[in-house]
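**Student:** Chain by chain, the residues:
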Amino acid sequence: MIKLTGVKKIYQMGKIDVAAIRGIDLKVENNEYLSVLGPSGSGKSTLMHIIGCLDTPTEGEYRLEGRDVSGLSSNQLAEIRNKKVGFVFQSFNLLPYATALENVELPMIYKGGSARQRRKRAGELLAKVGLGDRARHRPTELSGGERQRVAIARALANSPSIVLADEPTGNLDSTSGKEVIQVFDELWQQGCIVIIVTHDSEIADRTPRIVKLLDGRVVDDMQR
Amino acid sequence: MINLQQFFRELKKERTRILLTILAIVWGTASVVIMLAIGEGVTRGLQRGMHGMGKGIVVVWSGETSKPFKGLGIGRRIHLREEDARMLQEQIPGIGLMSPEYIRWGAYFTWNDHSMSTRATGVYPAYGQLRNIYPQKGGRFLNKLDLKSRRRVVFLGNEVKERLFGDKEAVGETVYLNRVPFTVIGVLKKKLQTSCYSGMDQDATFIPASTFRVMFGHRHLNDIVYSPRDISRAKQVKEQVYQVMGKKYKFDPKDKDTLRMWDTIEMQEGFGKVSTGVRIFLGIIGGLTLIVAGVGLANIMYAVIRNRTREIGIKIAVGAKRRNIITEYILQSLLTVSAGGAIGLGFSWSLVKVINIIPLKQEAFQYLGRPVMSVTTALITAGVLGLVGFLAGIFPARRAASVNPVDALRCE
Ligand SMILES: Nc1ncnc2c1ncn2[C@@H]1O[C@H](COP(=O)(O)OP(=O)(O)OP(=O)(O)O)[C@@H](O)[C@H]1O
Ligand SMILES: [Mg+2]
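These protein sequence lines map, in sequence, to chains A and B.
Here my numbering is used: the first residue of the first sequence is 1, the next is one more, and so on.
Here my numbering is used: the first residue of the second sequence is 1001, the next is one more, and so on.
Simulated from the structure, these hints should not be mistaken for laboratory data.
What you are looking at is a predicted structure, and each value in this text was computed from that prediction instead of being measured.
Just to be clear, a hint being listed does not mean it is correct.
Unchecked claim - Restraint ranges, calculated between C-beta atoms of paired labels, are given here:
{"#": "1", "chain 1": "B", "residue 1": "W1349", "chain 2": "A", "residue 2": "S114", "range": "38 to 44 Å"}
{"#": "2", "chain 1": "B", "residue 1": "F1390", "chain 2": "A", "residue 2": "D221", "range": "50 to 56 Å"}
{"#": "3", "chain 1": "A", "residue 1": "A115", "chain 2": "B", "residue 2": "L1020", "range": "32 to 38 Å"}
Built from N, CA and C at the ideal position, the CB exists for glycine as well.
Use the sequences and the hints to build the structure in full.
**Tutor:** As structure tokens, then:
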């Protein structure tokens, strides 16, 4: 369960304070599937970063499975990013010099465990996203859709309970976008919390809940 | 381990930079190692030369009193006699080996139609060991029986033998010393001798002290040579020599002019300090070179990390802890240093080998010695390299670990 109360994120740009999030209350129960909509600059990415423990709120409280995140050490946050959260970025963010398989292995390296098991699981995950035959390819040798599926496989490496995707289809054409979204549907069916940031209303329509942001605030929260 | 693979991939990307650093470390390592090797060689060479006269010995000559003592005036000559030498050895247990030394200048030697005049020295058998006088193959130095039976036997300095015999075999031949026949029992094995008193051993001849006394009738010794049993007690033994002699000849044991002494132990201690100093100096210079290389490496590591910010951000985003990132970059730094260090050590080692293969007969090399690559040098260098690699890695690595993933992933 995810619970944000009065969360603000203020960036300091020299002397000016830029508020990316101006006070958000948001509660996401386990196994919810929701999309976050909003114009550019409304704070969607910032919100996702906070939920994914890539960043911490300037103000307010964020409880992840009942635990206040602000009290956690950097190592504990790293463990949350490693095991609880799977993050998918718009720009894939794969290691350019590593193969698809090695990219998927990366979170498992930081978790620890045997190299053989790691390799086996990475192979299985790639097969699951339909890239079983691309394991030895480097990101530059893959199409955008394939790269994003590698990134999803990586996000799933340590079986997270929360999957966060920040415009996962933003750099993809509609066909490969659909393939990617199907993977998220499956993850939801398997019991994960799935949150997708998107500009695409077609994608948003698939999810049972839609949260709309504007100027760093939640302006609409629709449950269907 | 993926770390290593990544290292080699990054190495490919940063090829020029990393190669340059490796080169700097090769250079640093080689200069440390070679300098230390040359220093070690010179030290050993000089030491060997010093030991040519004897290792840990004290030479005692006669002197004059310079302090009044029990009504006796100053300027009294204190002569050394063979009995004194024996008395010293009997009364001072701290004396290990001892030999009196008579010297006759201009002793006239002939063999067949060759002749020369040089010095004849009358000594005890212990003299050989004291003064590092070793015979060439087939010969021997004086022994107890020679001394006891006043044998007319002579041990020749290698130069003397050369002058009289040339290439011919000398041992067993009869030479005439002032027209008295002497059997040659041995010839000095050529040695490096950089310090001496009364001339070099290669130009001397040695006969039993007993024979000498009969032949030349000297009453006084030229000097006494002894070695303390225990080098650390050398000072006390010296004091005892003054006391024993002072008692017999009635002089103040504190009057150091009565006996003149040359203490090679002191000299060697001094030399040891100087050579340690030189080694430290060379080590510091080499170390500085390495530190400069280390600073270069740290710079490159900073650059690598700047170029890798995004990848570091990715790693942090998927759960890398501070220590994962830090270890990775320290490892990278250590690997670079190891590569450079290994090449540098290998290079220096081969260079030292090559220098040592070249046949150099020149005097200079005998005195300076040949470079010596000691295990200690290699280990110290490896240790310093490890430290340099660690330090050059730790600071950039810490910066890498504090990359903010959100910022790192934003920059396109
Ligand atoms: N590191 C930062 N420093 C300064 N300002 C920031 C920083 N990150 C975000 N902002 C600002 O915060 C606001 C929200 O940014 P955010 O990236 O969350 O928007 P977004 O909704 O994801 O937009 P987009 O749809 O374009 O991705 C923007 O005005 C942005 O300029
Ligand atoms: Mg965004």
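**Student:** Indicate, hint by hint, whether the structure satisfies it.
**Tutor:** Verification of the hints:
no. : hint                            : verdict
1   : B:W1349 with A:S114: 38 to 44 Å : holds, 40 Å
2   : B:F1390 with A:D221: 50 to 56 Å : holds, 53 Å
3   : A:A115 with B:L1020: 32 to 38 Å : holds, 33 Å
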